[in-house]
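Participant: Protein chains in written order, with my numbering: chain B, 1 to 284; chain A, 285 to 444; chain X, 445 to 1244.
Derived by calculation from the structure, the hints in this document are not laboratory data. Predicted model only: the values in this text are computed from it and were never measured. Be aware that a few hints might be false.
Subject to a maximum C-alpha distance of 30 angstroms in a straight line, what follows is the list of computed DSS-like cross-link-like pairs (lysine-lysine) [said to hold, decoys possible]:
#1 K1113(X) - K1234(X)
#2 K340(A) - K29(B)
#3 K340(A) - K61(B)
#4 K950(X) - K869(X)
#5 K534(X) - K869(X)
#6 K1240(X) - K1216(X)
#7 K869(X) - K852(X)
#8 K1216(X) - K897(X)
#9 K340(A) - K761(X)
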Amino acid sequence: MIPAAFDYVRATSLDDALARLAAGGGSAKAIAGGQSLLPLMKLRLARPETLVDIGRLAELKGVRRLGDGRVSIGGLTTYDEMLRDMTLHRYGLLADALPNIGDVQVRNRGTIGGATAHADPASDMPAILLALDAEVVVRSVRGERAIPIAGFFQGAFASALEPDELITELRLPGGREDLGSAYRAIEQPASGYSIAGVAAIIGARSGDRWGFCSVAITGVGEHPYRATAVESAILGGASFEAAAAHACDGVTVASDIHADREYRAHVATVQVRRALEAAAARLA
Amino acid sequence: MAEHVSLVVNGVPREVDVEPRRLLVQLLREDLDLTGTHIACDTSQCGACTVTLDGKSVKSCTVLAVQADGANVTTIEGMATADGLHPLQAAFWENHGLQCGFCTPGMIMSAADLLARTTDPTDDEIRHAIAGNFCRCTGYQNIVTAIRAAATTVRAGAAG
Amino acid sequence: MTTDMLGKRVKRVEDQRLITGKGRYVDDIKLQSMAHCAILRSPYAHASIRSIDTSAAKAMPGVLDVMVGADIPYNPLPMAWPAGGSAGLKNNVNSPRALATDSVKWTGEGVAAVVAETPEQALDAVEAIAVDWEPLPTVVDAEKATQPGAPQLHENAPSNIVFEWSVGDRDGTAAAIDGAEVVVRQRLVNQRLIPNPMETRGDIGWYNPGTDEYTIWMSSQTPHIQRLLLAAFVMGVPEHKIRCISPDVGGAFGTKIFTYADYPIVLLASKRLGGRPVKWIEGRRESYQATIHGRDHITYLEIAGKRDGEITGLRVKTYANLGGRLSTIGPGIPTTLYARVLSGCYRIPHVFAEVVGVYTNTVFVDAYRGAGRPEATYVVERAMDLFAAEIGMDPAEIRRRNFIAPDKFPYENPSGLGTASGGAKIYIDSGNYEPALDKALAMAGYADRAAAKGEARTRGKYLGVGLSSYIEVCGVAPSKWIGAVGEGWGAAMWESANIKVHLTGKVVVTMGTQPQGQGHETTYAQIVGHELGIPMEDIVVQHSDTQGTPFGYGSYGSRTSSVGSTAAIKAAGKIREKARRYAAHMLEASVDDIEVDGAEYRVKGSPDKKKTFQEIAFALDLAFDAPEGMEPYLDETAYHDTPNCTWPFGTHVAIVEIDEATGKVDLVKYVAVDDVGNKINPMIVDGQLHGGIVQGVGQALWEGAVYGDDGQLLSGSMLDYALPRASWLPNLELDETVTPSPVNPIGVKGVGEAGAIASTAAVANAVNDALKPFGIRHLDMPLTPQTVWKAMQAAKGAQA
């Protein structure tokens, strides 16, 4: 219930935060809303020596449209703020997912940057970012880099983020009128995390073929992933049901007391089909 | 090393020195003797410790006291006014929305967040809004009834 | 004129403090110079302790003391309810010590206790204790634990068997089954549950060196019993030197009946610190490992009968997992409180039950809401459905056909409380089961279920309707029966009440019972207000403190409404009689001529000659003019030993829909018709039913404690143990029939457990009904999406 002792610094600016993270040399952790980190610290599963509080860096908050039509979500934007942002409501999959991520209290504190950095293998937002082909903008004293989401998640609670880096924003491609999207999940009832959560975007239909399909899955593999086999099947003309059968191709499916491999793989296919159907329905 | 925290709790400015690892719920309970906010789990699941932080419901076991520096916190002790009980408190009482009372403060604070968003929630919206608060006594039924009743009171007050 | 509040939906007195954050639970209490305790718990489910090194911990900042098992001079915790009671059946007893000395038997058994200036320091120091463990083989499944080659937990318990107990007519039942037209057999698992009251346990121990007295604040359902057990059985301290105080208790559901290791730990810790109070508050994950679990039965059932639906025999063999060591009344739950009510509300002529109590490397199992009776109801209600399916009969019809008829009461059931050796017998005193069934069926739209199932199919759903007709035995009593047959625990079962009337007419009611959220401060005030004709506002109800309350056995087993209330009524009656005698004196009339109407004491035939209760209290308190031989003051105590238990009953109907693609079950409608007799406060009764029903639904659909084969508790926190959430539930629809209980003057029955007893079977039956099209007979709980989907897959495979 009570974390192990640590030192606390409150960053006064982004540069200050980055300097402190760099000085921490891997034993410092950034804390924003704390909804992922503090539960681990309370169980003493995480024991940072220094916490750098970035929660007040106003420049990292909020949703804005970029000049190139993309949408930027500041790393410190909470789920609740995203839920209230009409720009984001245009993304069907966000509209589906946001009201069901965590609970009200978690959404009031939890940030998209924090959730992304935490890289929980069953978290919903990573699947959405993957499906959207988002870009993770990170900064450190060494400079800024934009990491394509496709390579960001590397394992359970492991990502391409270096210990001295902060996620400053997530950039989403601008909404396309010819695409529809949806999110469908079956949740582990105790934790609320997904046993299988599926973000799907589909559209650009031409004749009897889909010209665009993006499907990402969380809760199933070691980390959230793009279901490229599903996407290829759809683009190749397969039915949703037939394509969904490829949901777990090439993935080592997780198993726990709530869902074994067989069941988890099965509901992944069900949710892929349902997400695709819902995404297509939005298009119509 | 102790950190200094200044915050406003239930309208009263407070100054406290805390260890960095002190949780907001401990600051409230141990440093300020506001024991109405309860702790019922250690994994940030149960919602018993819910308070509002700058108007929004949070689990005070999952906020460091130092993170609340400068914030405006309302706990169950701050809900009633000189004019009487908050409509949610009155409705929980009227509708038997509590039994052992342990989850009740957190439940009321979550309901306060809901009523700040909408004063005409459906039963489904109420049930969704309190999904982060466990109650083991009531089966939630009378809590839902109570929140619905409080919403009616709030609407009537706004209309009047 | 005072309004009589008995039977009314009165707002609760205790809510004022609870809704404003002014409740006072154990963790809210801070005492001067209080220190804090944390307990090191075993990471192994079965291990020998070679050595414990506490030196590093003792050197940590703020650490005041570190204790290990060898430092505790007390006896093991008592086991007070062996199977078969005092009737001579051998129980191979191993109960826990305050801290384990040589070995641990489950993950979470306490091995060392740190006392420090702050809770943080205590937790930090616990991490610094080094234990040299020798891990041993483990077994967590009760049936497997009895088999040859299983790891052995205790030398005195061969094959890990605590007891082998049986009840009922062995030969008659065998004959009924052997000669039956139809026999249905099924293995049932009633899974292990973690009770989860919202307030975990906790206590503050304080030794007063000036008086050599111990005080403990504890979150307990039974402060008087704890004083007795701690004094006489654990600590060897005179009973009057221990004071137990239960302040506001944040839910209990059985978990807080028992004697726990932390009680002697905090008391000894305080003594070792020369009288500094020591607080221990259980964390939630700690609670999952250190506080009792419930249920955990594996049952083989056989039900026999005729093709026309008449049930002729029921036989079960049950393996009851009791954990690594025995909790206070662990063995009593799967025996007396289970097998003796196995036939439920049915007239089954031959019943026989064998129960094997078993040690495993799991935390101890004891009474959880319903305690034995949900297990019994689950067995008989699943059995009725299985039998009905076998002979092609409507589940409602088979119940109706086998109900004990209303003219058969008092009814003695064949495995029942009357069959034990000895004289006293317990009968099911009253019941009228069919009207409750009919009402529930009507409310649920049972007649239209075929159409509803068809409609659901158009949405990709399988709809199921499940019934559960139940009885409950509440308020186990009387003491004479418990003593005579040696069936009960080592205690009597009466209750107590004291009523004091102050000079101003204000009344203090002091009870031996102990609430945990049931609203006793309200309901007793309603009762005493009714009895004395005074407003509830003039009455305060006190409890919780062994100093100042009369001895009582506490609140569990749905006993308070019947047993405690009757004690209050008796005490009020004594007050009224004394007031009447004094009124006669004041009015210069004979006592026989005084008639009492509410708070007015009048001379018959002379309505102007009267005194109010307040006037009498005033005069009797001053006693300026008391008659010869009459003691001053209105202060009466009553003890009530009820002649029988009470027997609520009813029928619940659950309607579920199953998503064929995922196996996810949604509870879409729930109807409950309960007969709990008269009601003291219908609002509180409804609340008890709501909560009980949802706990039972939780068992059917979501909850389950899961141990790995190595004895690690895999459902070890709220992240992995699924408690019902508001968003998963429909509004419950309640109705009633009213058959007053004849065993108490206000005709009430218990209600705290009824919901949980009925609902699990109703929901399980509904899910199994929904799966009939797949040819599935039975699935074990919890009926999670994975369980349901896999069964559907297997069935489809078998059909293909």
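Participant: Against this structure, judge whether each hint is valid.
Facilitator: Hints versus structure:
| no. | hint | verdict |
| --- | --- | --- |
| 1 | K1113(X) - K1234(X) | holds (25 angstroms) |
| 2 | K340(A) - K29(B) | holds (25 angstroms) |
| 3 | K340(A) - K61(B) | holds (17 angstroms) |
| 4 | K950(X) - K869(X) | violated (42 angstroms) |
| 5 | K534(X) - K869(X) | holds (23 angstroms) |
| 6 | K1240(X) - K1216(X) | holds (12 angstroms) |
| 7 | K869(X) - K852(X) | holds (16 angstroms) |
| 8 | K1216(X) - K897(X) | holds (11 angstroms) |
| 9 | K340(A) - K761(X) | violated (54 angstroms) |
Checked against the numbered hints above, the structure violates hints 4, 9; every other hint is satisfied.
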